[in-house]
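Visitor: Protein sequences, first through last, are from chains A and B.
Offset between the first sequence (1-based) and the numbering used here: plus 42.
Offset between the second sequence (1-based) and the numbering used here: plus 42.
Be careful, since some hints might not be right.
For identical chains, the list gives no copy identity; a pair is met inside one copy or between any two copies.
DSSO-like, lysine-lysine: derived pairs with alpha carbons at most 27 Å apart [unchecked claim]:
#1 Lys191 with Lys345
#2 Lys331 with Lys374
#3 Lys274 with Lys365
#4 Lys365 with Lys331
#5 Lys226 with Lys77
#6 Lys89 with Lys241
#7 Lys286 with Lys155
#8 Lys365 with Lys345
#9 Lys365 with Lys264
#10 Lys345 with Lys195
#11 Lys244 with Lys155
#12 Lys77 with Lys244
These aren't lab readings, by the way, just hints derived from the structure by calculation.
Note that the coordinates shown come from a computational prediction; the quantities given were computed from them, not determined experimentally.
There are 2 protein chains.
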Amino acid sequence: MLKKSPLALGIALAITTLASSAWANEPIQPIEPAKEINGAMAELGKKLYFDPRLSKSGFISCNSCHNLSMGGTDNLKTSIGDHWQQGPINAPTVLNSSMNLAQFWDGRAKDLKAQAGGPIANPGEMAFTHKLAVEVLESIPAYVDEFNKVFGKEGVDVDKITSAIAEFEKTLVTPNSRFDRWLKGDKAALTADEQAGYKLFKDSGCTGCHNGPAVGGNSFQKMGVIEPYQAKSPAEGLVAVTGKDADRFKFKVPTLRNVEMTYPYFHDGEAETLAEAVDVMGRLQLGKKFSEPENVQIVAFLKSLTGDQPAFQMPVMPPSTDKTPRPTPFEK
Amino acid sequence: MLKKSPLALGIALAITTLASSAWANEPIQPIEPAKEINGAMAELGKKLYFDPRLSKSGFISCNSCHNLSMGGTDNLKTSIGDHWQQGPINAPTVLNSSMNLAQFWDGRAKDLKAQAGGPIANPGEMAFTHKLAVEVLESIPAYVDEFNKVFGKEGVDVDKITSAIAEFEKTLVTPNSRFDRWLKGDKAALTADEQAGYKLFKDSGCTGCHNGPAVGGNSFQKMGVIEPYQAKSPAEGLVAVTGKDADRFKFKVPTLRNVEMTYPYFHDGEAETLAEAVDVMGRLQLGKKFSEPENVQIVAFLKSLTGDQPAFQMPVMPPSTDKTPRPTPFEK
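Just chain A, with the same shape it has in the complex:
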């Protein structure tokens, strides 16, 4: 999305090529800026992402629980849905979610497009229907025009709505963290403690699950391998999708990118701090009790994973018309 001169691009490419050996043997790879984005579709998707008229109440948008000012999360244990319902699970970050092997903690949506329709129609979240969402957008000429232009064929439907939201979400990657700059060869980008934390993170086996460019998001793993986890959430993970008993309590490994911003942690949001999350993960997944200084170093490393946050103009939504169905926030 950034405009660069051919010279700047050439230099960037040369640096990338030269330095690629720097992370060839590392379990974590740098995050690259979003590529092959349909800009017009992403702009439409941005409006939809922020538009609370896709909820029954007219109050809840995608951004309510995946707030792009706060690491793509709501920073709550579990989210607030229509009529202040308490959600069953922690809202995962939307940042870098295009890199997940599937969406939701249990992977029940295969990609961002399949995910985007879920919360709109979930009675505990936005509590709307796809039919009404389409009716709202169809009643607003500026939206209809934009859909027609972006998709090159007439009409608004859920397929187009979720495609546009997914296209916007694909732009939400966070390159250029201090850790990535270090990986790429800038040895001053990390302190000694942060480097020691990364070494501990690798040597202890954390990278067995938290690896790749997203430092997670690419496998399902059992929560509580060595010791069982006493979850506060009724969610049982992958078994809900596969029906296999072996998948009970397997959850998608969350990305650790921007993890300083995506508190609280775990699928039930019960770990309030990174120190607590590191301690629990060490004991339950690896059978390892990190000492206080080790914990501090690993946390320091994790905080170096915060990348450039998405930078964009706040969208302005086209107003409703006399024909637009009105929100009903206080009706059951």
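Given chain A, put chain B in place with the hints provided.
Guide: Just chain B now, kept in the frame of chain A:
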């Protein structure tokens, strides 16, 4: 906030001076861009405006009910507060609110700074306390640094918080509407119907209250002059501030700038469309029943009052720390 060359400023000034006679005798004046803004303070205020950690739940920010993607309102009859409480009154737009003679429908806050602290501590809105809001911000070093830099003295307090929010809100003006361009001499900026609507608006007496650059916001008037208004809201207006019986049911005249975006209308939000609002106002305030074609023309004029919406980058909030008090959305 805009940087202009001295030449461009000179030309702009010359044009303004030359054309000033164009609206000298008009009851409505063009809106000018915000001036004398402390940019650093407004940037801090923007973060605070969007930060839901100033609410008990961690879910509601100023922008929740005064959404800058939707004309500075929530487009609901009455707002949704903590625990989904139904508010008693329609949320007025924050756009151009720096031009109001006082804030809130009953004018109980003398200016934006005095207003900004209200919703944070209102148990039916953000349901927090000023003390906790300060504690949250004090626990976040990036916020503390920014407060210290902006105000040139150490510490976070409510006075600084509300000053910064008010400074951001002062930037939220909407110049350059088609109506203003027409006022300034661009006769092609309005259609014949829109011009006829403006003439009707003046000739019928609407400009008796809806005048000045904000087309309102500069007086309190009784709702229901000729016929009484059967309000759905228990609010009684200015009497709550002055205690004078004569002020019962006097409300601040709302601005009509961007009125196409600020539906629904009136202090109880009971008028869903502009056509309905124009009809009710004509009958109750002026004793005049506008014909269907007259109503259409006035509505067309009103829609020409939509100006340039605030254009800014979505803020990124600094993350909470281990010391930050956590939100309690599901506790009473």
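Visitor: Give a verdict on every hint.
Guide: Checked hints:
1. Lys191 with Lys345: Between copies only: 24 Å across, 42 Å inside.
2. Lys331 with Lys374: Answer is neither: 49 Å inside a copy and 37 Å across each miss the 27 Å cutoff.
3. Lys274 with Lys365: Between copies only: 23 Å across, 44 Å inside.
4. Lys365 with Lys331: between (61 Å within a copy, 24 Å between copies)
5. Lys226 with Lys77: within (19 Å within a copy, 45 Å between copies)
6. Lys89 with Lys241: For Lys89 and Lys241, neither the intra-copy (42 Å) nor the inter-copy (36 Å) Cα distance is at most 27 Å.
7. Lys286 with Lys155: within (25 Å within a copy, 58 Å between copies)
8. Lys365 with Lys345: Classified as between; 16 Å across copies, 49 Å inside a copy.
9. Lys365 with Lys264: neither (50 Å within a copy, 31 Å between copies)
10. Lys345 with Lys195: neither (45 Å within a copy, 29 Å between copies)
11. Lys244 with Lys155: The answer is neither: 33 Å in one copy and 51 Å across copies each exceed 27 Å.
12. Lys77 with Lys244: Neither: 29 Å inside a chain and 54 Å across chains, both beyond 27 Å.
Comparing the model with each numbered hint stated earlier shows that hints 2, 6, 9, 10, 11, 12 do not hold.
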